[in-house]
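Student: Letter by letter, the chains look like this.
Number of protein chains: 2
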Amino acid sequence: MTLTGEFFIAGARRGSGERFQAYDPAKGASIDDIGFFSATEQDIADACAAAEDAAIACADLPLERRAAFLDAIAAEIEALGDALLTRACAESGLPLARITGERGRTCGQLRLFAAEVRDGQWLKLRIDHAVPARTPPKPDLRLRMIPLGPVAVFGASNFPLAFSTAGGDTASALAAGCPVVVKGHPAHPGTAELVAGAITKAAADTGMPAGVFSLVTGTGNAIGAALVADPRIQAVGFTGSRSGGEALMKIAANRPQPIPVYAEMSAINPVILLPGALAARSEALAAGYVGSLTMGSGQFCTNPGLVLAIDSPGLDAFLAEAGRLVEAQAPQTMLTAGIHSAYEKGSAALAATPEVKTIARGVHPTGPHEGRAALFSATAADWLARSALQHEVFGAASIVVRCAYRSELLAVLRGLEGQLTATLHMDDADLADARALLPVLERRVGRILANGWPTGVEVTHAINHGGPYPATSDGRTTSVGTLAIDRFLRPVAYQDLPAELLPADLRDASERGVMVRVDGQWQIA
Amino acid sequence: MTLTGEFFIAGARRGSGERFQAYDPAKGASIDDIGFFSATEQDIADACAAAEDAAIACADLPLERRAAFLDAIAAEIEALGDALLTRACAESGLPLARITGERGRTCGQLRLFAAEVRDGQWLKLRIDHAVPARTPPKPDLRLRMIPLGPVAVFGASNFPLAFSTAGGDTASALAAGCPVVVKGHPAHPGTAELVAGAITKAAADTGMPAGVFSLVTGTGNAIGAALVADPRIQAVGFTGSRSGGEALMKIAANRPQPIPVYAEMSAINPVILLPGALAARSEALAAGYVGSLTMGSGQFCTNPGLVLAIDSPGLDAFLAEAGRLVEAQAPQTMLTAGIHSAYEKGSAALAATPEVKTIARGVHPTGPHEGRAALFSATAADWLARSALQHEVFGAASIVVRCAYRSELLAVLRGLEGQLTATLHMDDADLADARALLPVLERRVGRILANGWPTGVEVTHAINHGGPYPATSDGRTTSVGTLAIDRFLRPVAYQDLPAELLPADLRDASERGVMVRVDGQWQIA
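Sequences listed follow chains A and B, in order. As numbered in numbering that gives the first Met the number 0, residues 0 to 524 make up the first sequence, in order. As numbered in numbering that gives the first Met the number 0, residues 0 to 524 make up the second sequence, in order.
Mixed in with the good hints there might be a few duds.
Identical copies look the same in the list; a pair holds intra-copy or inter-copy alike.
As a list, the in silico SDA-like pairs of lysine to any residue whose alpha-carbon atoms are at most 25 Å apart [said to hold, decoys possible]:
id, residue 1, residue 2
1, Lys-123, Asp-473
2, Lys-200, Gly-34
3, Lys-123, Asp-59
4, Lys-137, Ala-286
5, Lys-137, Arg-104
6, Lys-137, Asp-504
7, Lys-137, Thr-99
8, Lys-137, Asp-426
9, Lys-137, Arg-97
10, Lys-137, Glu-77
11, Lys-123, Arg-443
12, Lys-356, Arg-405
13, Lys-249, Ala-221
14, Lys-344, Pro-367
15, Lys-123, Leu-62
16, Lys-137, Gly-290
17, Lys-137, Gly-287
18, Lys-356, Ala-286
Keep in mind the hints are simulated off the structure, nothing from the lab.
Turn these sequences into a full structure, and let the hints guide you.
Tutor: Right, here's the structure in full:
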């Protein structure tokens with residue numbers, strides 16, 4: 000498949016006028032390419048109009064068709080072969096092994112949502128039969144979930160496949176029956192074009208309405224702002240910076256009809272090293288920590304940016320070993336020039352903070368846009384006095400906060416903003432400490448781990464990738480795993496409708512094969 | 000139980016300083032009473048601090064305790080006996096039969112949520128077992144829903160029991176495990192005090208933490224604004240005017256940590272009279288319509304404020320009969336002086352609109368604050384040209400919109416803002432018309448009725464009382480029925496936690512008796 004630099008509006012390539020260039024961060028140079036067009040306001044309006052037309056058509060299709068569409072997207076992405084991998088590596092600076100794994104995750108995610116569509120439990124079918132003899136008569140009521148309508152999805156730079164054009168938000172929104180308009184990330188326009196072509200082909204092959212998917216690309220914030228403001232868009236999925244997410248939240252809240260924004264934004268993911276674990280295996284903990292911290296140049300939303308422990312010889316040993324390992328870390332290309340410079344600025348600001356001690360920096364970079372790991376420490380008292388230390392530095396930077404007492408550790412946790420994850424490293428002797436912390440952690444985070452590392456988010460049924468603000472804009476939902484389909488649904492009740500007008504799944508004689516709550520009782524029927 | 004004029008902070012009565020008087024709208028005079036205190040900023044902060052303390056304690060209690068608390072509230076409200084009924088009638092102007100029925104609805108609702116707590120399906124338990132042999136190893140993941148934290152509930156004036164201090168929002172938030180701080184409605188402070196006393200006694204008797212419930216009362220907007228802005232509040236439930244709901248949404252969105260607002264605000268609930276039904280039974284339809292329109296002086300969020308039909312002799316007959324019936328309608332006391340004057344102003348504005356024809360007004364009032372039913376008509380063309388005609392006039396006012404063609408009727412529906420309900424009146428001959436309208440209605444409303452009337456919202460499992468903006472602030476949820484518990488929950492995942500630390504419901508050996516999704520399969524275990 001040859002790149003043309005065009006975007007996609009409802010099944011057709013489009014684009015004219017000036018072009019912007021794709022950029023290879025590892026080479027520090029534009030990719031010698033044909034260049035990419037930017038969508039105009041008219042293009043965005045056309046995409047949204049087509050999505051609105053498709054919304055009703057999509058909602059009416061059999062679920063099997065919707066599932067087949069998701070399966071077909073996965074197959075078409077795989078059919079792009081090495082061309083997709085090569086392009087995504089060039090545009091992201093990420094190594095081939097990582098991008099290959101990410102493609103597997105992306106296609107697995109699409110197929111998981113195809114299976115979820117077929118599962119059908121998310122329809123939340125409920126039937127309350129009429130009781131005509133009651134005073135007043137009880138009506139017949141039946142309920143199901145329906146799609147919200149067209150969804151705007153913002154591709155993320157740090158997962159050019161798994162959280163971008165055909166990533167988790169697109170997969171879950173399509174699974175819910177919502178047409179999707181993707182705002183492609185300008186850091187990987189070629190990757191986006193390839194993937195959008197795969198989705199467009201899958202839509203045509205499975206007979207979906209053309210407006211079910213569009214991709215609008217371009218630089219600057221105007222395209223995204225216009226997309227979120229379009230009255231036909233009914234929800235927004237976003238993964239990126241806190242400032243970016245908050246800007247979209249403001250636009251969405253100020254519309255004549257405010258709409259939900261699911262923004263996954265900012266977290267430092269505290270890791271708590273409990274005394275027993277620290278005494279028993281400080282060096283192994285340091286190795287695991289530095290591995291999680293520096294993987295992918297630290298460019299994960301679940302990166303462990305904060306370590307908490309009580310002062311002890313074990314903590315000294317942990318810090319010493321972690322420092323040695325960080326110093327030996329080779330620099331890694333970061334995703335974009337902007338992310339790299341923000342990382343260097345953030346790390347320098349931490350280093351320049353009087354209360355913050357620099358424990359170690361990684362090997363000095365030699366290539367363009369290479370990030371250098373950074374390990375800092377601070378006392379809990381200083382941390383508590385400086386709320387700015389909580390701000391995420393996106394990349395492989397982390398602070399170890401030394402607590403004098405258990406109560407100080409608790410105070411740090413209590414003062415934390417919302418987080419995606421919290422991790423407990425513990426031995427049997429730490430059980431009581433861990434039990435005491437759990438209720439505090441539950442109030443602040445979306446996922447609690449024991450004796451692992453927060454990077455690596457399993458795409459499955461029991462995962463939650465979300466958390467209280469500002470980890471996400473809406474901690475009531477997850478952006479990873481099958482529960483994400485709920486974000487794009489809303490209930491509709493049908494009262495005393497003749498059977499001919501009821502959705503097939505809600506008729507008494509239906510062969511649904513899914514659970515239904517009938518007169519309050521859960522049953523498979 | 001003697002009224003003291005005090006409010007309740009975490010189990011204790013409180014109040015000092017100036018007092019405001021309760022008002023009897025039927026008499027048009029203050030109720031000769033001791034007067035009611037207004038909560039100060041400190042009182043609100045104390046209520047929120049106690050709620051925050053209670054949040055963790057509540058989440059840890061066995062579900063049976065939480066259910067027993069809800070059951071006890073219902074019993075305590077019933078134990079208030081006639082004193083509650085008399086007081087609620089005096090403060091609302093609503094007749095005794097209505098308030099007696101509303102008490103039954105309120106207590107039934109509390110018991111329904113107690114049963115829902117015990118049902119436990121809302122925990123959404125999910126278990127994905129580890130697969131250590133996979134590369135990379137798949138971790139053990141388990142998920143459940145937990146309470147959001149303290150919830151602010153705003154009592155509504157139009158249901159002084161069922162949507163107020165111990166109403167649907169309070170019941171569903173408590174069922175979810177969230178402490179509640181109620182902003183009592185100043186239109187029924189005595190009713191609020193009595194009910195708050197019942198809740199406070201029920202909390203003490205069932206051993207709930209005192210902060211699980213507080214009531215702050217007072218006039219003006221400052222108390223509600225301070226409550227929503229308090230950092231400990233994690234969600235808001237509101238039923239009232241669009242301007243009131245939107246003001247709370249703005250406060251919630253501008254907090255350092257934005258929080259969800261569930262505001263049920265504004266709807267005109269279109270009723271579509273299809274040609275077959277209209278030809279067959281125009282007079283019966285008129286009788287049903289005027290009954291629904293004028294019940295309770297039209298002060299329901301599901302009041303039928305808009306009727307749509309295609310011009311025909313049947314429509315003429317419907318309008319003539321509806322006009323006769325409206326003219327014969329006795330005036331009814333409205334809830335408050337403010338609601339009455341807003342109703343008269345809104346009705347007068349409609350009457351003065353050149354394109355709007357006044358079909359009938361009810362009998363002229365003789366008592367204070369009595370509302371007079373109002374029936375108007377307009378052509379679809381004029382309706383479409385004047386978007387202001389869509390604005391709700393809260394009370395027994397309604398517009399019949401005459402459409403020349405099916406396409407015009409469709410255009411009116413397509414131009415409608417979000418609604419709580421839409422109603423189809425239809426005969427067998429209307430099936431095709433109805434089927435064509437359904438997808439359009441589903442996009443715009445939360446509940447679709449056939450051959451009934453939208454007033455009367457069943458409290459049950461398959462009900463949805465919600466709808467796209469501005470019917471509610473968040474059409475993803477319902478404020479009536481058991482599904483409402485979902486509004487106050489969020490997911491938490493536990494990764495590789497030792498069994499001793501897992502919530503009991505998520506252990507392998509658990510006797511849950513509820514459905515669990517284990518490795519993707521739904522099972523009762």
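Student: For Lys-123 vs Arg-443, is the C-alpha pair at or below 25 Å within one copy, between two copies, both, or neither?
Tutor: Answer is between; shortest inter-copy Cα gap is 20 Å, intra-copy 28 Å.
Student: Using 25 Å as the alpha carbon limit, work out where Lys-137 and Asp-426 are close: within a copy, between copies, both or neither.
Tutor: between (57 Å within a copy, 21 Å between copies)
Student: Pop the pair Lys-137 and Arg-97 into one bin, within, between, both or neither, using alpha-carbon distances up to 25 Å.
Tutor: between (58 Å within a copy, 18 Å between copies)
Student: At most 25 Å between C-alpha atoms: does Lys-137 with Glu-77 qualify within a copy, between copies, both, or neither?
Tutor: between (53 Å within a copy, 23 Å between copies)
Student: Within a copy, between copies, both or neither: which one fits Lys-356 and Ala-286 at a CA-CA cutoff of 25 Å?
Tutor: Answer is within; shortest intra-copy Cα gap is 20 Å, inter-copy 80 Å.
Student: One pair to classify: Lys-123 and Asp-59, alpha carbons no more than 25 Å apart. Within, between, both, or neither?
Tutor: within (17 Å within a copy, 27 Å between copies)
Student: Classify it for me, Lys-356 with Arg-405: is the Cα-Cα distance of at most 25 Å met within a copy, between copies, both or neither?
Tutor: For Lys-356 and Arg-405, the Cα distance is within 25 Å only inside one copy (22 Å; across copies 74 Å).
Student: At 25 Å max between alpha carbons, let me know whether Lys-137 reaches Ala-286 within a copy, between copies, both or neither.
Tutor: between (64 Å within a copy, 20 Å between copies)
Student: I want to check one pair: Lys-137 and Arg-104. Are their C-alpha atoms no more than 25 Å apart within a copy, between two copies, both, or neither?
Tutor: Only across copies: Lys-137 and Arg-104 sit 13 Å apart there, 49 Å inside one copy, limit 25 Å.
Student: If the cutoff is 25 Å on CA atoms, where do Lys-344 and Pro-367 land: within, between, both or neither? Let me know, please.
Tutor: within (16 Å within a copy, 69 Å between copies)
Student: Should Lys-123 paired with Asp-473 be assigned to within, between, both, or neither, using CA atoms and 25 Å as the limit?
Tutor: Both. Shortest intra-copy (21 Å) and inter-copy (18 Å) distances satisfy the 25 Å Cα cut-off.
Student: State whether the alpha carbon distance between Lys-137 and Gly-290 is at most 25 Å within one copy, between copies, both, or neither.
Tutor: between (61 Å within a copy, 18 Å between copies)
Consistency with the previously given hints is maintained throughout, with no hint failing.
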